[in-house]
Structures are given as structure tokens and as C-alpha cells.
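Model the full assembly from the supplied sequences, consistent with the hints where possible.
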Amino acid sequence: MKEFEHIQSAHCENGVTSSLLHHNGIEGVSEPMAFGIGSGLFYIHIPFMKVNGGPSISFRTFPGAIFSRTCKALDIPITRKKFNSEDKGMEYLDRQLDQGKITGCQVGVYNLPYFPKEYRFHFNAHNIIIYGKQGNEYLVSDPTMEETTLISEEDLRIVRFAKGVLAPKGHLYSPQLVKTTNLDFPKAIKAGIKRNCRDMLKIPGKPAGVSGIGYTANRVSKWRDQLGVRKASLYLGQIIRMQEEIGTGGGGFRYIYAAFLEEAYKYIMNDQLLEISNDFTKAGDMWRNSAMTMAQTLKGRATEQSDFDHIAEGMRIIEQQELMALNKLKSIKFD
Amino acid sequence: MKTNEIPQDESALKNFTKEVCYAKNSDGNYETVLSKGWDVKKDALDAAWDDIEIQKEKAIIAFNKGVKSPLYFHMLNNLMDTSLLAQYSGYWKFTINRHMKPAVFNKLKDNKLKVYADLFKISIQDLKEIKI
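Here the protein sequences line up with chains A and B, keeping their order.
Residue numbering for the first sequence follows my numbering, beginning at 1133 and increasing consecutively.
Residue numbering for the second sequence follows my numbering, beginning at 57 and increasing consecutively.
Simulated from the structure, these hints should not be mistaken for lab results.
Bear in mind the structure is a predicted one, so any value in this text is a computation, not a measurement.
Don't be surprised by glycine CBs; every beta carbon is placed ideally from N, CA and C.
Keep in mind that the hints are not guaranteed to be accurate.
Stretch by stretch, here's where chain A covers chain B in the computed footprint (C-beta under 8 Å, at least three residues) [unchecked claim]:
{"hint": "1", "segment": "100 to 109"}
{"hint": "2", "segment": "153 to 163"}
Incomplete in silico selection of chain B near chain A, CB under 10 Å [said to hold, decoys possible]:
{"hint": "3", "residue": "Q64"}
{"hint": "4", "residue": "A68"}
{"hint": "5", "residue": "N85"}
{"hint": "6", "residue": "Y86"}
{"hint": "7", "residue": "E87"}
{"hint": "8", "residue": "W94"}
{"hint": "9", "residue": "K112"}
{"hint": "10", "residue": "A118"}
{"hint": "11", "residue": "F119"}
{"hint": "12", "residue": "N133"}
{"hint": "13", "residue": "L135"}
{"hint": "14", "residue": "M136"}
{"hint": "15", "residue": "D137"}
{"hint": "16", "residue": "N167"}
{"hint": "17", "residue": "V171"}
{"hint": "18", "residue": "I188"}
Structure representation (C-alpha cells):
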């Protein structure tokens, strides 16, 4: 049996996808490639839904989508399983491991013992790899951590069957072993780009896709009046966390996407890919600056309405930057 | 962002891990760099925890005034809201809201309290109090 190699990544699902494919003999799917082929770039501000008492904003696509889409684009079959019974879910995992199969595993982070306490909120869409068992402990490769780690059977059961939004229900997933001769990277890259442009530009409704950035900007202008300075500032803090924390690689995943376009150029020699990569790097820089401005408000140094308007205006400029980049990307004529 | 601009600020990641960031190297190509943290993120995370502390302090005041049962405090202490607590405990949200009332909570039998105590990993006695 091939020894498992831990690879650290920025984001958990990219990392699990990349690592599982690498382990199964499929080379070339780096973290940015998994993110790009899986059309990971996104923006959504879900109205009327609160996460930890703040706005519900995401800079990436739906959990699970990156793994599914990347495997599908490369014609790699996958297996997925969720469980109603905890016992069956644990037994199934043990049987997989007995057969030498390593597997991706969705968990909640609140009870994840090896995570820093400060990061343990009730968030259920974290992904790790289980690659073995020693006595009563499972061998864990968490792509966001530098090193591999161990987790007890009891703790793993708790995190695999955490409850709440996006409850994992013991979710296990893995690619099925394939012959790796027919991987068509250019085709997968084009499909990933095309779908990502569609998701960002064509998805209906103002709060989803690139227009969602403007939607949030409009909300930001109103928060101070509606909620008061304290709560409005906390909401900005939540945007910072969704944008920079949770393994985004910086700048709300925009840098990872820029890295993907740069890597895609190795397969499709179209100079525009490099130009648009720079456009997304710039968008990432703008998001970072926006976070710095928001942090000033959060610390009580810039809390006037004009400061909130300034943040909102900055977000509208980011929206224009991304819109421009996506329109260019959409209009590339791949031959 | 350039690789030499990646912030290396001390954060809650200390002694646990460093995180992967993507940035451009001196040749203008992307590479990954490990970061210890970024003050901007630390500010946001600290603010979220400060807010939780404020909510908990309010819960203690409400408990001392006899407005809320200690269950309200324990729920916040476990970063839960009533819908999440409902899913973990198996009680209806309506029932949980009733249990938040001191008069109702004080009459609850141990077998009902045990559900909460087990969930919060404390004893039934500790569930009836607020220890800080």
C-alpha cells in the first residue's frame, strides 16, 4: 500500500481534493488547479440568514462542489456516503481503512480537539482526510495544518456527527482508482473557467455572483443606522473573517484563482490568461485593503457614517474590477 | 500581494500551525508562503469573542435578576442558539424557550436536565448554577 503523503494547503476542500487525487496516482491537480477546475470562485450574501449572529457571506462556491466538479471534469468516478446511524458510519470508515482506502471526511470544527480554541465555532463544512487507524486513534491529515495529527474514536464520532447547518452526517467521500492516461487537463480547465464565469455573471438574483458584492456594499451603508455602531462594526468583522479566515489563501480566494489562471497557462498558451490572472491579483489586493479599512472601524477609530460609506464605495470598485476581469475571461476564444 | 509582504503577525495560530498564503515571488509567479497570522484577522476574531463575552455577561445579569434560567447562559457559553440547541438536545425550540424561564427551569426533573448537562459536558448541579 502506498504511503500517505500529507500536503498542506490554504483551504480544506481544495487540499483534500488535491491530496486524495495525488494519493491515487493523479498528478498535476495542485490546490489552485482543484479550485479553478472546480469553479471555486464565487460570492454570495445570503439575505435573512445569520451565521454566528452576523451576515452570511461566502467568497467560494458551495461545500462539496469543488471535489465533485474537479473529479467529474477529469472523468474520475467518486463515491460518497452519508449515514443516519453513527455506528454504521464508524464501522464503514473502519472497513474502508482495513482495505487500505483513505477517505475524505466532512467534520464540524467546534469539537475538533487539535484546532486552536479561538477558531472553534459551530462550523460544519470542514474537510479532513482519514488515512489510517492505530489502536483507538485515527490518523488525520488536515490540509489546513502543517502536520498530520491523531484523533480519538470518540472525538471523531462527535465531529463527524455534529449538528446544525450543513450537518456532516458522517459524510465520507473518495475518488475511485482510475487509469491516469486519459486526463485531459485543457478540457477540464476550459470547462472550469466557463462554468465559473457563468456562476459569477449569470446566476439570478442580486445577492449571488459578482453583483452580490454590490449588494453587500448597499447593506454596509445602511448598517450603522439600522444596527448602531457596535453591531455594524461586528458585521464588518464577520466580513473580514469570511474573506481572510477559513483558509482563503488571502483576499477572499482571489489570489488562489489568480494562481490557477497562471497555472492554466501552462496547458493553454493564451496570453490573456496571464493578463486576467493579474486582474484577479489586483482584486485580491483590493479585498485586503478593504479588510484593513474595516479593521479600523472595528477598532473604533473610524466609525462615522462617512467611514461606512467609504467602505461600501470601495466594495463597489472591487465589484467593477471583478466584473471587468470576468467579462474578459468569458470572452476568451479557446480554439 | 508579494511574498515579502505576507504579514507574519502573532495570532491564535501560535503553537498550532501556520497558514498557507498565495503571493507573487520576485519573478512575478505565484507561490505559497506560510504565515503566522495577520493583525487585521486577529482584530476581527478578537471582536467576535469579545461580543460573546458581552452576551454572557448579560446572561449572568438576567440570571441574577431572575429573568432567565441558567440554561440561557450555558447555551451562549457553548456558542449555541436555540435552533442549534434544539437539534442537539432533541427538544423543540418552543420547549427550550420555556426552559429559559426560571420558574419552569426550577421545576424540571433531573432526567430532563441531564440532556442539557450531558450536552454541555457538565454535571446537573453545575447546570443549575453559573460558575465563571
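Each hint tested on the structure:
1. With 6 residues bearing a CB less than 8 Å from a CB of chain A, the segment 100 to 109 of chain B meets the requirement of three and the coverage assertion stands.
2. Taking a C-beta to C-beta cut-off of 8 Å, the segment 153 to 163 of chain B contributes 0 residues in contact with chain A, too few for the three needed, and the coverage statement is violated.
3. A distance limit of 10 Å between C-beta atoms decides the matter here; for Q64 (chain B) the minimum to chain A is near 13 Å, and the interface restraint is violated.
4. Among the interface hints, the one on A68 (chain B) holds; its C-beta lies about 4 Å from the nearest C-beta in chain A, closer than the 10 Å criterion.
5. Interface hint status for N85 (chain B): upheld, as the beta-carbon distance to the closest one in chain A is roughly 7 Å, under 10 Å.
6. The interface hint given for Y86 (chain B) holds, since its Cβ lies 4 Å from the closest Cβ of chain A, which is under the 10 Å cut-off.
7. For E87 (chain B), the suggested interface contact is upheld, since its CB lies about 8 Å from the closest CB of chain A, less than 10 Å.
8. Annotation: W94 (chain B) was flagged as interfacial toward chain A, and the flag holds, the nearest CB pair being 7 Å apart, inside 10 Å.
9. For K112 (chain B), the suggested interface contact is broken, since its CB lies about 13 Å from the closest CB of chain A, more than 10 Å.
10. Against a cut-off of 10 Å between C-beta atoms, the interface hint on A118 (chain B) is violated, since the closest Cβ of chain A lies about 17 Å away.
11. Given hint, F119 (chain B) at the interface with chain A, is violated; its Cβ is 20 Å from that chain's nearest Cβ, farther than 10 Å.
12. About 13 Å separates the beta-carbon of N133 (chain B) from the nearest beta-carbon of chain A, more than 10 Å, and the hint is not met.
13. Residue-level restraint check for L135 (chain B) holds (minimum Cβ-Cβ distance to chain A is 6 Å; threshold 10 Å).
14. With a least beta-carbon distance of about 7 Å to chain A, the hint placing M136 (chain B) at the interface is held under the 10 Å criterion.
15. With its C-beta approaching chain A no nearer than about 8 Å, D137 (chain B) sits inside the 10 Å limit, and its interface hint holds.
16. The interface hint given for N167 (chain B) is broken, as the beta carbon of that residue sits about 21 Å from the closest beta carbon of chain A, more than 10 Å.
17. Checking V171 (chain B) against chain A by beta carbon gives a least distance of about 14 Å; that is not within 10 Å, so the hint is violated.
18. Using the Cβ-Cβ criterion of 10 Å, the hint placing I188 (chain B) at the interface with chain A is not satisfied: the shortest such distance is roughly 17 Å.
Checked against the numbered hints listed earlier, the structure breaks hints 2, 3, 9, 10, 11, 12, 16, 17, 18; every other hint is satisfied.
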